[in-house]
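Enquirer: Sequence:
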Amino acid sequence: MTQDSFFEILELQYQNQLPFVVYSRAINSVIKCWLQNDETLHTTSDFSESGFVFAPFDLNNKSILLPEIECEHYTLETAHLDLVEDFKTESIENKGEAEHLQLVSKGIDIIKNGDLSKVVLSRKVEKDLENANPFTIFKRLFNTYKNAMVYCWYHPKVGLWLGATPELLFKVEGKQLTTISLAGTQPYTANAEVIWTQKEYEEQQIVTDYITKQIEPHTGDIKISEVETVRAGNLLHLKTYIHSQIKSDSSLKSIIEALHPTPAVCGFPKELSKEFILNNENYNREYYTGFLGELNLKTSKTRNTNRRNVENNAYTVVKKHSNFYVNLRCMQLKNQKAVIYVGGGITKDSMPENEWEETVNKTKTIANVLS
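In the working numbering, the protein residues as written are 1 to 371.
Do not rely on the hints blindly, as some may be mistaken.
Straight-line Cα separation of at most 30 Å, DSS-like style, residue types lysine-lysine; simulated pairs [said to hold, decoys possible]:
| id | residue 1 | residue 2 |
| --- | --- | --- |
| 1 | 112 | 348 |
| 2 | 199 | 146 |
| 3 | 364 | 348 |
| 4 | 199 | 62 |
| 5 | 253 | 319 |
| 6 | 274 | 334 |
| 7 | 106 | 270 |
| 8 | 32 | 127 |
| 9 | 171 | 199 |
| 10 | 95 | 253 |
| 11 | 171 | 146 |
The hints are simulated quantities; they were obtained by calculation from the structure and are not laboratory data.
Since the structure is predicted, the reported quantities are computational estimates derived from the model, not experimental observations.
Modelling step: build the complete structure from the supplied sequences, incorporating the hints.
Expert: See below:
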C-alpha cells in the first residue's frame, strides 16, 4: 500500500465522521490504522476485550474501545512520511502564569505539611490553527518523534486527539509484564553534558519504588534496570525498566488499577494526589495522562521441538499481547484550535518559577508540529 492510498482511506473515514486510530509504536517503521465500521460508542470496564483502548486519567469515567472485530485494519511500512508543504515553528502564547504559580505553590505547601510526597500539576494551552488537518500533524509527529508512540485518535462522540508519548505504562506478552518509570525533564542540547539534580533523581526513585510495590501482589521475579537518560524530541528524561512475570490468578484489570495513574502523571500517595488534582487544577484533564494502546491482541509463533524433523514436531504458540502508553505530549483538536496539555512533578524542593518554565518547554515540544 502506498502512502497516498493509506491516507486517502483515513481521510474518507474522517470525512464520514467514523471512529479511527492511526498510530506507530516507538522506534517502529510500521504505521497501523483501525477503521471502525459505524459510529457506535463502545466502552470497556474490565479490559477483557480485544481492540484499541483510549482510557481517561480518572477511570471512574469511560474507557473507549475500538473493538478489533468491528474494525478494518491497514498497515503502512515506512521510515518517513511525505509532506507537501514546509512548515515553520511558531511560538505559543503561554497564558495563565499567575494561576499556575499559585497552583504549584499550593501543592508545595500540601507536601511540606506531610500529606503528599509528590503531586503532578498541569494546565492547558490553546492555539489557533491555520491548518487543522489531523493527518498533516500526525505526519509531522511521526517524522519528528522516533522515540515515541505517535497517534491520531478520533471518535465523533468523544473528540479528536493526537500525541507523541515517550512513556510506556506497561506491555504484556503472554505472562511477561514490562513497565517503565519515567520522570525528570530538561531541554536537550546537542553536545552538552547532561546533569541531573538530586530532586530529579528522587522524583525518579519515587516512581520506580511505587511501581515495584504496586506490581508485587500481581507478579513475581521482578527485575529493575539501571537509571538511564532518554531523549524525546527536544527534551530529556530519566528512565528505568521494570520486568516481571504475571501470576496466574492476576487479571489485566487488576494490573491497570494498580499502576494507573502512576506517580509520573499523578503523584504519591496515588489517591491523595489524585484527589488534590481533581479538586484544584480547575479543568478536566479528560484523556490527558490517561492511557491508550492495543488490548489483548493475539500473536502466534511456530516452534519446533526437534530440528531434524521440523514438520512432525512443529507447534503453534498463541499469546495475547497488550501495549499501553501514557497519554503525554498530547493535544486535542476542536473548533480550529489545538488544546495542548502540559504538566510537571512537584516535590518539597520544587520552585514554582522553574515548574512554570518546564511546562513552557513542553509546549514548545508540541508547537514544533503546529503551523
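Enquirer: Given the hint that residue 32 pairs with residue 127, test it: the Cα-Cα distance must not exceed 30 Å.
Expert: Cα-Cα ~28 Å, so holds.
Enquirer: Is it true that the CA of residue 199 sits at most 30 Å from the CA of residue 146?
Expert: OK: residue 199 and residue 146 at ~28 Å, within 30 Å.
Enquirer: Going straight from one Cα to the other, do residue 274 and residue 334 come out at no more than 30 Å?
Expert: holds, 27 Å
Enquirer: Assess, step by step, whether the Cα of residue 199 is no farther than 30 Å from the Cα of residue 62, and give holds or violated.
Expert: violated, 35 Å
Enquirer: Sort out whether residue 348 lies within 30 Å of residue 112, counting only the CA atoms.
Expert: Since the Cα atoms of residue 112 and residue 348 sit roughly 6 Å apart, the hinted pair holds (cutoff 30 Å).
Enquirer: Below or equal to 30 Å on CA atoms is what counts here, so check residue 106 against residue 270.
Expert: holds, 18 Å
Enquirer: Checking one constraint from the list: CA of residue 364 to CA of residue 348, max 30 Å. Satisfied?
Expert: Measuring from Cα to Cα gives roughly 26 Å; hence the hint holds.
Enquirer: Given the hinted pair residue 253 and residue 319, is their Cα-Cα distance within 30 Å?
Expert: Satisfied, since the Cα-Cα distance of roughly 17 Å is no more than 30 Å.
Enquirer: Is it true that the CA of residue 95 sits at most 30 Å from the CA of residue 253?
Expert: violated, 38 Å
Enquirer: Would the pair residue 171 and residue 199 pass a check requiring their Cα atoms to be no farther apart than 30 Å?
Expert: The hint holds at about 28 Å.
Enquirer: Next pair to validate is residue 171 with residue 146; report whether the Cα-Cα distance is within 30 Å.
Expert: holds, 19 Å
Violation of the numbered hints given earlier is confined to hints 4 and 10; the remaining hints are satisfied by the structure.
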